[in-house]
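Here the protein sequences come in this chain order: A and B.
Here my numbering is used: the first residue of the first sequence is 508, the next is one more, and so on.
Here my numbering is used: the first residue of the second sequence is 15, the next is one more, and so on.
If you are wondering where the hints come from, they were derived from the structure by calculation, not from laboratory data.
A few of these clues could be false.
[Stated by the list, open to error] Lysine to aspartate or glutamate pairs mimicking DMTMM-like chemistry, simulated, CA-CA at most 20 Å apart:
hint, chain 1, residue 1, chain 2, residue 2
1, A, LYS564, B, ASP38
2, A, LYS564, B, GLU43
3, B, LYS192, A, ASP585
4, A, LYS619, B, ASP116
5, A, LYS601, A, ASP642
6, A, LYS601, B, GLU154
7, B, LYS107, A, GLU572
8, B, LYS192, A, GLU572
9, A, LYS619, B, ASP190
10, B, LYS107, A, GLU616
11, B, LYS107, A, GLU615
12, A, LYS619, B, GLU193
13, A, LYS619, B, GLU187
14, A, LYS529, A, ASP580
[As the list claims (entries may be wrong)] Chain B is nowhere near these chain A residues, computed Cβ spacing over 12 Å in every case:
hint, residue
15, VAL560
16, LEU569
17, SER593
Idealized CB from N, CA, C, for every residue including glycine.
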Amino acid sequence: MKHGSLIGAVLLAFAATGCATKKGFEVPGQAFGCPVGDAKVSSMDDLIKAKVVMEGKRTTILPTELRCTKSGDLLRIDANLNNDSSSVKRIAYKFRWIDREGMRAADEESWKPLLIYENSNLVVNTVSPSNKASDFRLILRSQE
Amino acid sequence: MKKLILVALVLAAGCAKDTTRYGDARGIETVTNQFGSTDLQLIAESMTRSMLQAPVIVAGNLPIVTVQEVRNKTSEYIDTRAITDSIRAELQKGGKVRFAVDQAAMNQQVEEIKRQSSEFYAKEQAVEKGQMVGAQYRMEGNITSIVKQVKDVKDVYYKVNLQLWNIRNGLLEWSDEKEIRKTTTKG
Numbered sequence: 508m509k510h511g512s513l514i515g516a517v518l519l520a521f522a523a524t525g526c527a528t529k530k531g532f533e534v535p536g537q538a539f540g541c542p543v544g545d546a547k548v549s550s551m552d553d554l555i556k557a558k559v560v561m562e563g564k565r566t567t568i569l570p571t572e573l574r575c576t577k578s579g580d581l582l583r584i585d586a587n588l589n590n591d592s593s594s595v596k597r598i599a600y601k602f603r604w605i606d607r608e609g610m611r612a613a614d615e616e617s618w619k620p621l622l623i624y625e626n627s628n629l630v631v632n633t634v635s636p637s638n639k640a641s642d643f644r645l646i647l648r649s650q651e
Numbered sequence: 015m016k017k018l019i020l021v022a023l024v025l026a027a028g029c030a031k032d033t034t035r036y037g038d039a040r041g042i043e044t045v046t047n048q049f050g051s052t053d054l055q056l057i058a059e060s061m062t063r064s065m066l067q068a069p070v071i072v073a074g075n076l077p078i079v080t081v082q083e084v085r086n087k088t089s090e091y092i093d094t095r096a097i098t099d100s101i102r103a104e105l106q107k108g109g110k111v112r113f114a115v116d117q118a119a120m121n122q123q124v125e126e127i128k129r130q131s132s133e134f135y136a137k138e139q140a141v142e143k144g145q146m147v148g149a150q151y152r153m154e155g156n157i158t159s160i161v162k163q164v165k166d167v168k169d170v171y172y173k174v175n176l177q178l179w180n181i182r183n184g185l186l187e188w189s190d191e192k193e194i195r196k197t198t199t200k201g
């Protein structure tokens, strides 16, 4: 009987481990709080690939982390941009907002200039312009 | 020979054709380091997104706001009305705030009410006096700058501060700042 309960406990522990959700993926359709829908996103790198777009002159600056949360019914985003080079980089960025149907949820934002010092990180954050925006893209371009 | 070159240059200058092209209204403008379209857009967007997170707006009661002056404390001419107009348009699109007629538009509002009260309009459709809704909050602010210049370098720093005041109790419900630095180097 003792053996039976021990095996049962071990099996239960295994089952619980199997069911445990990976950190950042607790909510279905979201990764690190960011909406991903049906897209295959299983890591932070996947999330960055899905959400970051280069337009115009390409930059070596890339987000290393993207995190989203809800602020009321608006989507709040933090993107950590990393400059791992030994020179100051000048880039421009903007967010593009998408609604549930995949249409633009707001007018195109203006480009925002940004200076990132060498070997440093900078967090850019924003909040969606209205509750119509359910998804986003972070657009980057070089200003060098 | 010199005269010939001079004549050729004058002719060439006379023939030079101006070209006009449409540009990106939302692109980064760096023609001079004076207050420009990019600064206006950066300030309007940053302030709007910040204000959307103010507790009085997040509460979802569609607060009524009136827009007051953004005082220009810089040494250059800045149309501060363009800043508040952009913020108002962005907030209005967000659908979280309603705006009451402000001081600048009050004369036109009163004139229209008076016009409708005249004998030219059908009484049943004309707006009645005393039906306007007062604002619960007022938005005001300042824009300041620090300009430093040496021989070949000019540095301009702008700071915009906006505030949302509760008209009934005088409490400051929200405030935020946006800073912009631009440096021009000659040569």
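How the hints compare with the structure:
1. LYS564(A) x ASP38(B): Measuring from Cα to Cα gives roughly 16 Å; hence the hint holds.
2. LYS564(A) x GLU43(B): The hint holds at about 17 Å.
3. LYS192(B) x ASP585(A): 18 Å, holds
4. LYS619(A) x ASP116(B): 30 Å, violated
5. LYS601(A) x ASP642(A): 14 Å, holds
6. LYS601(A) x GLU154(B): 27 Å, violated
7. LYS107(B) x GLU572(A): 30 Å, violated
8. LYS192(B) x GLU572(A): 24 Å, violated
9. LYS619(A) x ASP190(B): 18 Å, holds
10. LYS107(B) x GLU616(A): 13 Å, holds
11. LYS107(B) x GLU615(A): 13 Å, holds
12. LYS619(A) x GLU193(B): 13 Å, holds
13. LYS619(A) x GLU187(B): Status violated; Cα separation ~27 Å.
14. LYS529(A) x ASP580(A): 25 Å, violated
15. VAL560: 16 Å, holds
16. LEU569: Holds, since 20 Å exceeds 12 Å.
17. SER593: Its Cβ never comes within 12 Å of chain B, the nearest being 21 Å, so this holds.
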